[in-house]
Amino acid sequence: MKVSDEHFITLIELRRDLHTNPELGYQERRTAWKVADRLRTAGLEVTTGVTKTGVIAVLEGGLPGSTIGYRADMDALPMSEQNDVPYCSTESGVMHACGHDVHTTIGVGIAELLAKHREVLAGRFVFVFQPNEEGAPGDELSGGYAMVEDGVLERWPLDAILALHCMPTLDVGKIGHTTHAVWASSDRFEARFKGVQTHGAYPHLGAEPIGAAAELVLAAQRVGHRNIDAQLPVVVSVCQIHAGNQFNVIPEEAWVEGIIRALDEPTRLAAIDALEKAARGVAAANGLQLELRVEQGAHPTENAPALLAEVLEILQGHLPAGDLVNIPSQMGAEDFAAFSLVMPAVYLLLGVRNEGRGFNHMLHSPHFDADERSIRIGVEAMSVTLRQLAARQRALDL
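Read in order, the letters of the sequence shown correspond to residues 100 to 497 in this note's numbering.
Be aware that one or more of the hints could be misleading.
As the list claims (entries may be wrong) - EDC-like mimics (lysine to aspartate or glutamate), calculated; alpha carbons at most 16 Å apart, straight line:
(1) K133 / D116
(2) K293 / E356
(3) K293 / E352
(4) K215 / D104
(5) K293 / E314
(6) K293 / E390
(7) K215 / E479
(8) K101 / E479
(9) K376 / E390
(10) K376 / E289
(11) K133 / E144
(12) K151 / E239
(13) K215 / E105
(14) K215 / E159
(15) K151 / E248
(16) K133 / E112
(17) K293 / E351
(18) K151 / D249
(19) K376 / E314
(20) K215 / E144
To be verified - Across the chosen pairs, the derived CB separations fall in these ranges:
(21) T268 / Q330: 19 to 27 Å
(22) G148 / A384: 51 to 59 Å
(23) R392 / A420: 49 to 57 Å
(24) R217 / V393: 46 to 54 Å
(25) E375 / G343: 20 to 28 Å
(26) D328 / R129: 45 to 53 Å
(27) C187 / G299: 43 to 51 Å
(28) I426 / G161: 34 to 42 Å
(29) L331 / L440: 17 to 25 Å
(30) H298 / G148: 56 to 64 Å
Derived by calculation from the structure, the hints in this document are not laboratory data.
We put the beta carbon where it would ideally sit given N, CA and C, even for glycine.
Start from the sequences and build out the full structure, keeping to the hints where you can.
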């Protein structure tokens, strides 16, 4: 299945329009409207307002087969773009720095390409345009978990689901795959040390929390290579530290915040336990009160082995030799895990790097951009994959 030049031009136009007009999580109203409008025009059955701003689009093939889902995330990040391109973000402090504009465009492109062949397609295709993958501020669930909790998979049952993500460490043309965990789990922690405020000249009259916070920073860095088997990837990073507001007063409170990442549940739990023990030990040694909070974010995103084997078999017959590459698990996190926890799922990584044209900045960088040729590659590869998976008229018991 090939994307015509005319179709490709419209996809580039859509991607640039989305890039110019990025929207944060659960605010993707314009994005959702653009997606819904194009897919209704293509003849799909479209439902909007799913989990606030999500879109579900269904394409019925003309022959019996399996029901395959494809998920694309739509939200942008709260950061200012620093690229000098005609399609630079026009929204102050909001940018598509993780490629979700590309993901959304590819999802639309797959649906449009398959729709042109609906009479000869077997099965059913459900396109899940997900809001809020990055996580909106506050206590709301990220979009993937919220969709599952809202019953999306009961309303639109699937045999399997696939997704694709821009990967700036892979050259354009390459598609990466990972056995088992693609992305790590993500937990956020906050440790608050409470002591006794005093003048900086008289520390012996108080209980000083800043030193305790510094001790925990160092202890957190040791968790990964002293408390956990060195063969098991784990990251514990302190990303914020706060204390005081005067140069000559030892404050009552100091706190640190950070993340814990792991590729499996036992390692995740071991890292949390090690951090908790370190924090309690530091507090006790310094005579401080401790408030420790760990909030679970995404689980590890796991590829279903049997489904992955089928996907790779299909892609090997489609991609040029050497363009399908096995890459290591990533310590980033993704709420596609909400789907992979409950059904067979495969998550692939799409090469978007082009050193010669300056497309070489990492995700979440204000300079991130993607070689747009990756859109055509993603649409064609995923269209072939979805079509062949759906044509296998059996339950994907994977």
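A quick look at each hint next to the structure:
Distance hint between K133 and D116 is fulfilled; the C-alpha atoms sit about 9 Å from each other, no more than 16 Å. A hinted pair counts as satisfied when its Cα atoms are at most 16 Å apart, and K293 with E356 qualifies at roughly 15 Å. Note on K293 and E352: the hinted pairing holds, with a Cα-Cα distance of about 5 Å set against a maximum of 16 Å. With a CA separation close to 15 Å, the supplied pair K215 and D104 stays within the 16 Å bound.
Pair hint K293 plus E314 holds up; C-alpha atoms about 14 Å apart against a cutoff of 16 Å. Between the alpha carbons of K293 and E390 the distance comes to roughly 8 Å, so the proposed pair stays at or under 16 Å and holds. In summary, the hint linking K215 to E479 is supported, as the alpha carbons are separated by about 13 Å, within the 16 Å threshold. Among the hinted pairs, K101 with E479 is consistent with the structure: their alpha-carbon atoms are about 6 Å apart, no more than 16 Å.
With a CA separation close to 13 Å, the supplied pair K376 and E390 stays within the 16 Å bound. With a CA separation close to 14 Å, the supplied pair K376 and E289 stays within the 16 Å bound. At roughly 15 Å between alpha-carbon atoms, K133 and E144 fall within 16 Å of each other, so this suggested pair holds. Under the criterion of a C-alpha separation no larger than 16 Å, the hint pairing K151 with E239 is consistent with the structure, at around 12 Å.
With a C-alpha separation of about 14 Å, the suggested pairing of K215 with E105 holds against the 16 Å cut-off. Between K215 and E159, the direct Cα distance comes to roughly 12 Å. Compliance with the 16 Å bound is thereby established for this hinted pair. Between K151 and E248 the CA atoms are separated by roughly 13 Å; this keeps the pair inside 16 Å, and the hint holds. The hinted pair formed by K133 and E112 meets the criterion: a straight-line CA distance of about 12 Å does not exceed 16 Å.
Using a Cα cut-off of 16 Å, the hinted pair K293 and E351 holds, with the two alpha carbons roughly 6 Å apart. A C-alpha spacing of about 10 Å is found between K151 and D249, which places the hinted pair at or below 16 Å, so the restraint holds. A C-alpha spacing of about 13 Å is found between K376 and E314, which places the hinted pair at or below 16 Å, so the restraint holds. Under the criterion of a C-alpha separation no larger than 16 Å, the hint pairing K215 with E144 is consistent with the structure, at around 15 Å.
With their beta carbons about 23 Å apart, T268 and Q330 fall inside the hinted range of 19 to 27 Å. Look at G148 against A384: about 53 Å separates their beta carbons, and that is inside 51 to 59 Å. With their beta carbons about 50 Å apart, R392 and A420 fall inside the hinted range of 49 to 57 Å. Evaluation of the 46 to 54 Å hint for R217 and V393 yields a pass: the beta carbon distance comes to about 48 Å.
Range check, E375 to G343: about 25 Å between beta-carbon atoms, so the 20 to 28 Å window is met. A hinted range of 45 to 53 Å holds for the C-beta pair D328 and R129, which are about 48 Å apart. Restraint check, C187 to G299: a C-beta distance of roughly 47 Å satisfies the suggested window 43 to 51 Å. Between I426 and G161 the CB atoms are about 37 Å apart, so this pair conforms to the stated range of 34 to 42 Å.
Between L331 and L440 the CB atoms are about 21 Å apart, so this pair conforms to the stated range of 17 to 25 Å. Our hint of 56 to 64 Å for H298 and G148 holds, since their Cβ atoms are close to 58 Å apart.
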